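Enquirer: Just so you know, we're using the numbering used here here: the sequence shown kicks off at 1362 and counts up by one.
Watch out, some of these pointers could steer you wrong.
Claimed, not checked - Straight-line C-alpha distance at most 30 Å; calculated DSS-like pairs for lysine-lysine:
{"hint": "1", "residue 1": "LYS1511", "residue 2": "LYS1380"}
{"hint": "2", "residue 1": "LYS1572", "residue 2": "LYS1536"}
{"hint": "3", "residue 1": "LYS1380", "residue 2": "LYS1468"}
{"hint": "4", "residue 1": "LYS1572", "residue 2": "LYS1380"}
{"hint": "5", "residue 1": "LYS1572", "residue 2": "LYS1511"}
Said to hold, decoys possible - Here are the in silico distance ranges between beta carbons for each label pair:
{"hint": "6", "residue 1": "PHE1586", "residue 2": "ASP1551", "range": "37 to 45 Å"}
{"hint": "7", "residue 1": "ALA1610", "residue 2": "THR1440", "range": "45 to 53 Å"}
{"hint": "8", "residue 1": "ALA1614", "residue 2": "ASP1438", "range": "35 to 43 Å"}
{"hint": "9", "residue 1": "ARG1507", "residue 2": "THR1528", "range": "19 to 27 Å"}
{"hint": "10", "residue 1": "ARG1593", "residue 2": "GLY1557", "range": "15 to 23 Å"}
Source of the hints: derived by calculation from the structure; they are not laboratory data. Computed from a prediction, not measured in an experiment: that's the story for all the values here. Think of the CB as a built atom: it goes at the ideal place given N, C-alpha and C, for glycine as much as any other residue.
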Amino acid sequence: MGDPFDLTAKTAIVTGGTKGLGREIATRLLDHGADVVVCARNEPLEPVRSADRVAEFVAADVRDAEQIAAVVRSTLDRTGRIDILVNNAGGAPPAESATVSPRFNEKIIELNLLAPLMFSQAVHDTMQTQTDGGVIINIASVSGQRANPKGVAYGAAKAGLINMTQTLAHEWGPKIRVLAPVVGMIVTDDAHLFYGDQDGIDAIGAILPMKRMGEPADVADVVLFCVSPLARWMTGCTVPIDGGGEGAAYLDAATGEATST
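Start from the sequences and build out the full structure, keeping to the hints where you can.
Expert: Given below as structure tokens:
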């Protein structure tokens, strides 16, 4: 095996790939030779690039099946193949579960669960007919595996995304591998909405075994591994990227001390 991270002649689509975590993932794939298409509702002020290589931008609302199809057509017109799909677009602002509107919940579930399902369906036929198949990466969250106060629709959608990953792996293997990186608490441009100022970010990081919150680069590196031949026997599973996870809160409450070591 040559360089397992050489993605030359591979084509990747990264949804929500113009900023934050998605931009870091798209850049990492460009770094390693992939042709990358990023989609989002709005074109970025600065193109997603790696040295002199630039990702193609296609405007799309990933909650719309026709716009998803347009991204797929544009990608195939450009390179003739789709090897990697990263379903990254997602998120939700905090909202009280008792008073959040039905429409808000619908939009959050559409973005975080239905959009990845529709996009996966849209690349299925192409990946199945390629000699070396393809890889679908569903960016999941620890919010889908534990309680998520002020984010009930988001947590439920991410839990569904994990089940979707397992189900599609069984239906679509062996040609298509499907993996769900389960991302923990990451410092992004929106971190202040959930974690407050730098003191809050530092305090949360202190409860993790790695003693810091994650950075987008931490996730992008794991995604690179997941789409590489080194992960060739991995499918239908979650891949935790959470700095070791949160400690046992009941022990903290009982002793008044942090439990991470």
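Enquirer: Does each hint fit the structure? Answer for all of them.
Expert: Taking the hints in turn, this is what the structure says about them:
1. Of the supplied pair hints, the one linking LYS1511 and LYS1380 holds, its CA atoms being roughly 24 Å apart against a limit of 30 Å.
2. Taking the CA atoms of LYS1572 and LYS1536, the gap is near 39 Å; set against the 30 Å cutoff, the hint is violated.
3. Pair hint LYS1380 plus LYS1468 holds up; C-alpha atoms about 20 Å apart against a cutoff of 30 Å.
4. Note on LYS1572 and LYS1380: the hinted pairing holds, with a Cα-Cα distance of about 25 Å set against a maximum of 30 Å.
5. With a CA separation close to 25 Å, the supplied pair LYS1572 and LYS1511 stays within the 30 Å bound.
6. At roughly 26 Å, the beta carbons of PHE1586 and ASP1551 sit outside the given window of 37 to 45 Å.
7. Taken as a hint, the range 45 to 53 Å holds for the pair ALA1610 and THR1440, whose Cβ atoms sit roughly 48 Å apart.
8. At about 57 Å, the CB distance of ALA1614 to ASP1438 disagrees with the hint of 35 to 43 Å.
9. As the Cβ distance of ARG1507 to THR1528 is approximately 21 Å, the hint placing it in 19 to 27 Å holds.
10. Under the hint 15 to 23 Å, the C-beta atoms of ARG1593 and GLY1557, about 42 Å apart, miss the expected range.
When each numbered hint is compared with the structure, violations occur for hints 2, 6, 8 and 10.
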